Structures are given as structure tokens and as C-alpha cells.
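Chains as they are written, first to last, in the numbering used here: chain A, 1 to 293; chain B, 294 to 628; chain C, 629 to 972.
None of these hints come from the bench; they were simulated from the model. Quantities reported herein were computed from a predicted structural model and do not represent experimental measurements. The C-beta atom is built at its ideal place from N, Cα and C for all residues, glycine as well.
What the simulated footprint calls covered on chain C by chain B, stretch by stretch (three residues with Cβ under 8 Å from a Cβ of chain B suffice, anywhere in the stretch; the number is not a length): (1) 716-729; (2) 747-761; (3) 813-820.
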Amino acid sequence: MSAADAAPRQREGGLLRGARRFSRGILPMAGLVVVTILLVMALAGPALAPFPADLTGAVHTATRFQPPGAAHWFGTNELGQDVFSLVLAGTRISLLSGLAVVALGAAFGVVVGAIAGFLGGWVDEVLMRLVDLVLTLPSLILAMAVAAALGPGIVNMVAAIALSWWPGYARLVRGEVIARKSEAYVVAATAAGAGVTRLLWRHILPNILSPVVVKMSLDVGFAVLTVASLGFIGIGVRPPTPEWGMLLAVARGNMPDDWWTAIYPGMAIFAAVFAFNLLGEGIRDLMDPKGRR
Amino acid sequence: MAAFLARRVLLLIPVLIGLTMIVFAITRLLPGDPARLAAGPNATPAQIEEISREFGLNRPLPAQYWHYATGLLRGDFGMSIYSRRPVLTDLEAYLPATLELVVAAMLLAVGLGLPLGLLAAIYRDRWPDMLTGIVSLGAISMPRFFLGLLFQLGFAMELGWLPLSGRFPLDEDPPPHLTGFLTLDALAAGDFHALGVALQYLALPAIAMSLSPLATILRMMRAATIEVLRQDYVLTERALGLSRRVILLKYVPRNAISAALTVIGLYFGWLLGGTVLVETVFDWPGIGLYATSAVLTQDFMPIIGVTLCIGVLFVLVNLLVDVAQAALNPRIRLR
Amino acid sequence: MNGEAAPLLRISDLHLTMRGDEGEAHVLNGIDLTIRRGEIWGVVGESGCGKSLTGLSISRLVASPPARYPRGEILFEGVDLLRASETAMRGLRGRRIGMIFQDPATNLNPLFSIGTQLADVALHAGRHDPGLLGVAGHAPWWRRRRAARARALAMLEKVGIRDAAARIDDYPHQFSGGMRQRVLIAMALMGAPDLLIADEPTTALDVSVQAQILRLIHDLVREQNLGVMFITHNLGVVAELCSHVAVMYAGNIVEAGTARAVLKQPSHPYTRALLAAVPAAATRRGSLTGLAGSVPGLVNPPPGCRFASRCAAAALDCARAVPPMVQVRADHAAACLRLAETVG
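Work the whole structure out from these sequences, hints included.
Structure representation (C-alpha cells):
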């Protein structure tokens, strides 16, 4: 094992110690617990819903606007559908969309940033000007415009939102690549005869992984929030897909008498985003110990 | 200082040009035919063709851009296909409302966020700090539209303390139009009753909008203050006997605010783009709603107009932030 | 000067522990030091020996958790500083006790003019000593500020800043390193203190500037009859400036006395090793002597002499208990059980 390979391996011990520190913090652990529950809900999805028929547009006019009770934990909406089932099914859409946005944005951003950082020169200049310009645009309106133009559907919505997400990663990765390009062990590997691509893969990318992972974990919450925001405006998903923001928008008209139709989807958004943010902060403290506190 | 300003203003021009280009490109490259949408579902191909020609949509892209760019310089933002009005007129009508909301929200966020962040850093790791930390994380996680809804439910419907929606009651006369900011116009006209009413209507939406930036500014200020407190010069200040009051109220804030300032500029731009959520809940007649309806009808000119407007404002605000940074930090302005 | 005069500062059996990630480190292990007016005490030792913490402890600037002072006292003009109130301490800092730190680049607030920073220190001192500014304590604030600024100007001139009147409103980054250190010295002396603690004030400066700053400090001390604690790791500076020297190792003072005595006849093995390591003009190339081994961990320190593990003359007794200070001569003491063997 050459000196060039030795550097990344030292992180292992620190990670284990950090994991122990993480588990001692009550808030990140609470975040982790809630996120796990949500992920289970998302993945199992409709299978767990007590009234699965409601998810595909069944209407029960007889049981409209039932307040929360034994039969319907979260009550029913204007179509007599079980709010709990709707919120449960919405978990899958919101969560998976949010994760997809971050994954897509990160993937694209990392590639762009790595190219800019590694190649430098005019490629770097052009790409970074592009990044700056996209960052100047109002992200929500951009996402709205693109999503609306592409048409309804989750995939289009995810792509539209990811469009405003990638510049942050590009900038981050570019900075890290530039910082590490000149680090000693890269020089050492070059001296040992490593080719350019091998250099990129084996030596630089694993070490920029940490800040990217931290940023991703901090972004998921906001991605879920953005997805819900678009749903609230009415762009991206269409009924009967039970997206949380959309459920909230529809339920606005039922205020204040049938409050449960709005409160529960709203609380779901808040709980999910909060949990992801807690988890994200915990991961950030884990991987970047000299962070804020 | 003047040289610094001049340099920054000159740099604006290529940025603005780039902005118009990229916005134009994005809207033109998207699928969808606005002429068809504007003509309606039962239009004949001839009618669609007519509209297309009327709005210059059948010309090559660069020509369209040139036409648009030169029009901009004349103050012509194009026509809204949907409302059949010049976009500029629409913007004049809707922008002040949004600006008033965003400015009010930022005033709250900065006015509370900076001192609370300072306090959190001073009481670091003790219970006020812990509490503030959790609450601010919660504030950032709370969707603005849900918060607005809760405010309406609680303060308007249940308690009746504040109005439900809108900018001004329909049965009263708003103050004469001067800036478009109802609060400022009322103040200028000396109409304190109107001022009070405008503030009542502004309260809930502004608070709903301000929570997220308040939390972020607080955390930034806290982090910056902690960083400053670790500096050598603070140790020297303490070693030479300066009182806590002088250090914490005179020296430390100036050092810490630099970091928070950048965030304030960024958040302003972010808020401007995200007003639609709060405007929808409170029926606030701003550019957010305007842009959304334009998006839904694929009406390009308003979308471009609004995006450009926000982009320009964002750039201007960041310029202001840079100027403020230079005012605070002698190393920047005395190169 | 007068040996019978009451000492300005007397540190007795000072112990300091710091709680950290790995446990509680015994950073200071029974420091005894007496400084009189007019004496310039050099405190030398390698990094981590505790010299900076000793200086900071006098002004009680060490954060107290995680620091703890389980034993000892610091008597300043008869008052135990360890047990004084924070208000009392704040009254002493900048007024009776002045401090200068190492890096002039980071010790001045970059966003305020030096005039503002100097005036604030003068204002603080003037609040307790109305005679300092020549203005009564109850005078309106603008009059006090003007007097403070006048004093700041006078101090700047005294420390050798040319065009002080023009430069008083300049910012720290507009001064060179040496001038910044002069400003910091002016700040430390604004309150006309009795004791000056200087923590490596010349380490970050060019050699040529170092000499000027040392001369400045020397002249000021002479003029105002200050007692000085001059912390450094540079024996050359000690030889040049200091009247007395205390050598520290791993939290203990291992040798102390007049500078001439200690430097001429080093008695403690560590002092001798330090002096041997300094290259002299006559040193042959390639023959630098270093010191083998490293400082012991301070979390579970060895019970006896902390230098024993690196000492050529160590015996079994050395590891049993910390050696007490033994008089080598009238003005010279060292903490070593093996003095008879090591002193030639």
C-alpha cells in the first residue's frame, strides 16, 4: 500500500467514533427514527393504508367530512376519502420525489463541478458563469415554469426542481477539487505514473464525498418542502395523486369547520422536513466535527 | 469608495445581459406552443398562425431575442398573451405589493434575527441557546403556506384579531398612490388610520414569510459571533479590561455582521421568488400570483418579465450588501 | 532594585488542570515565581510547557470550566487574584496589569481604527483613575473621550509611531507588523500599569524589528519602573533583555535566578540542554545538538520529576517525587536532585 492510498483509510476510525457521538445526541437520533418511519411508510405505501380504494379516486358521499375518530383517524375529506390513507400514500410521493431531486441535482452538479475544477481555464470560467446566472434566477419560479412546460407528472416535476438544485453542488465540488488538486498525495500519485482518469476516480472523488454527502443530507428536507410547495400551487402532480401540498391546497376551502383535512397533511409536511433537517444536522456534525457548535 | 461603487456597477451590465439571455433561452426552449394556448382549444390553424405572427413567435430565435432586448431598453417588456396588456403595466401594478411584503418580512427577520443570534452565541450551549436552536430549525422546516393557513385559522377565524386576507378592506379607500407601498403612501398622506389598517393586513403574511429567514439569519449570526469570540483581538480586548458591554455591544457585532450580511442578501432574492406561496394563501395581489397564472397558461412574456425583474432586484440587493460590507470593513474599501 | 521592597507579584504553588477530551491535564504543577518592580523576568520553555497559561492565569483569562485551580495563590500587591471577584479583576486588567500577545496581525480588531481601540482602553482605565485622563469621572462623555484620545496620541508618540496625529485614525491593516506591535504596547501601557505580561511579543516579527521592540520595552520598563513577565522560547531575547529568568518544563519551573547566573552556569539538565541546542557563532556545521524524547503526557503525568524520562543524569529517586527548588547560589535555584553531579 503506497502512501497515496494511505490517506483516505485514516478516516475509518474517526467515522466509528463519530457514529458513537451521533447516537448520543438525542435530536439527530429522533430525526433518524422519524425518517426511518417515514421511509418505511413511503416504501410500503399504499399497502399500509386502511382505505386503499380511496387512493385511486373512490368517492363516498355519505361519509363526507367526518371529524377524526375511531374509524378514520384523521377524518374524511369532501369526497369521503380517509385522510389518513391519503397522507400515508402521500409520504411515498413527497419523500421519494425529494430524494430524487437531491440525487439528480447532486449527480449533475458533481459532474459539472468536477469538470470545471479539474480542467480549469476557460472551461471553468464558462461553467462557473453559468452557475452564477442560474443561481441569480428565482428558483421556485424557474421550477414552476419548467414543470408547467414539461407537463404534469412526477418525473417532470423532479427534473424541473433539480434544475435549480445542481448549481450549489457544482460550486461545492469545484471548490473542493481545486483545493485537493494540489494536495500532496495527488502529486505523489502522479509521480507514480497514474493516468488522469485514475487520478480523478481513486484519489480526489472519495475525498470530496464527505462535503457532498453532508450537503445532500441537509438538502433533502428543503427538497421535500419544494415538492410540497409546487404541489400546493398546483403544478407537477394532479389529483387523485395524494401529494401533501396538493391535499393542503384543496383543503383550504374547508377552513375552519373541517380543519382536519388541512391540518394533517400540513403537519405531515412539517414533520417530514423537520425530521430530515434534524438528521441532516446530525450527519453534518458527524462528518464535519469542526462545524458550527 | 466611489471607485469601488463604480467598478461594481459596471460589472452589473454583463450580468444583466446574461440574465436576459438565459431567461429568454429557457422559456423558448421549453416544449409547448403559447400561441395555441392563447388561441383557445377550438381555434383554427389560421387563427393560431395569426396570433403567432402578432407576437412574433414565428421568427427565428435570435431575431426574437434581439427584438426583445431592444424593446427592454425602451421599457417595453412585451405583451401578455393572456391579459392582452403590456407586461410593464402588469408589473407596475403587482410589484409594489410583493416588495412591500418582502421588505416587511426582511425587516422582521433582520431586526429580530441579528440580536437573537448574538444572544444565542453569548449563552452558547446553555438552555436559551439549545431552545433557540431547535425552534429555529423548526421554523426553517415549517412550510410557509401551512404556517399562513394556521395563522388564518388562529388569528383571523378563531380570535378575530387580524384580517383574513387581502391588502386593504374593500369598503375603505386606500391612500393616494405614491410608491405603491400602502404603508408608505398612508404615511406620506398623513393618514394614520389607513396606516393602521394597512399594517393589520400586512401583519400575518409578513410574519409568515419572515420566520424562515429569521431562523437562518439567527443561526448565521450565532455562528459568526462564536467565531468572532474566539479571535485573538477579543482576548486582547478582555485582557485590557474592556467591559463585557463594550465588547459585546460595540466590537463583536460589527465583526459578526459581515457574515450575516451575505445571507441577508441571498435570502432577499429567495423570498422574492417564493412569495407566490404566501400570496396564494392571503390573496395578496403580487407578482407571485401573476407569474403563476402566466406559468399555467405558458404566457412567456410575463414569466420572462417577472423573472428578469426579480433577477435585477436580486443583483441590486447584493450590490447593496457589497456596499454595506465595504462600509463595515476598511480592508475592502481602502485597497 | 531594592530587595526588601514588597514584591509586585508573588505566585505560590500554583496548580492548574484543564479538562479535555482525553481527561484532566495537569498543566501547571506548583509554580513559584516572584516579580518585583524593575525586574524583567524571562519565562522560557518549549511549546506546551505552560508559560502562556501562567501569564493568562495572572489576569484570570483562562476559561474556568474547563480550567481549575486546585491549589496555590497569585498575590498581586497583596491581593489573591485567584479568589478576587470578576469585577475586581476587570478593574485590574488594562489598569494595573497590562498584557501583550504574540501576533500583532490578529490582536487588533481589523474593523476599528487604532485610535478608537486605544481610546476605549484609556476610557476604561480613566474610570478608575481620574488622574490618568486629567478629567473628572463625572465629566460628560465627550470630554472624557477627547481626553482619552489625547492620551492615546501621547502614547503613540511615546512608542515611536511617527506622524501619530495623522495615523491615529488609520486601521490596523495599514500598519506594518512592527508598528502594530508598538500600537499594542501602547495599548497595554495606557493605564500606566505596574505589571506588564508579554507573551512572545517579538516571535512573529522580523529579526531587525525584534531588536527595536526589545529596546522599546527596555526603555519603557526603565522609565516607568514596571515589573515584567516576558514569556518566550528564545534564549537570545532573554540574554538581551531580561534581568531574571525562569525556565519551565512541563508545568514546573525547573530553574530560576538572575539572567546572568542562570545563563552562565545552567544547573538543571534541561536548561543545559536548551543552551547547548542554541547554535553559537562558533558552532561547526552539522553539529546541532537536539534533545531526544518528548514532553510527557499531562493527563496522567509521572509522579516524580517530569524531565526524568529525557534526563541523562536521572536516578531512581528522581521518579519518586517532584524535586524541590535547591539554592545553587544566592540568586539562583534549580529543581533537581542530581545537582551535585550535573553542576561541573
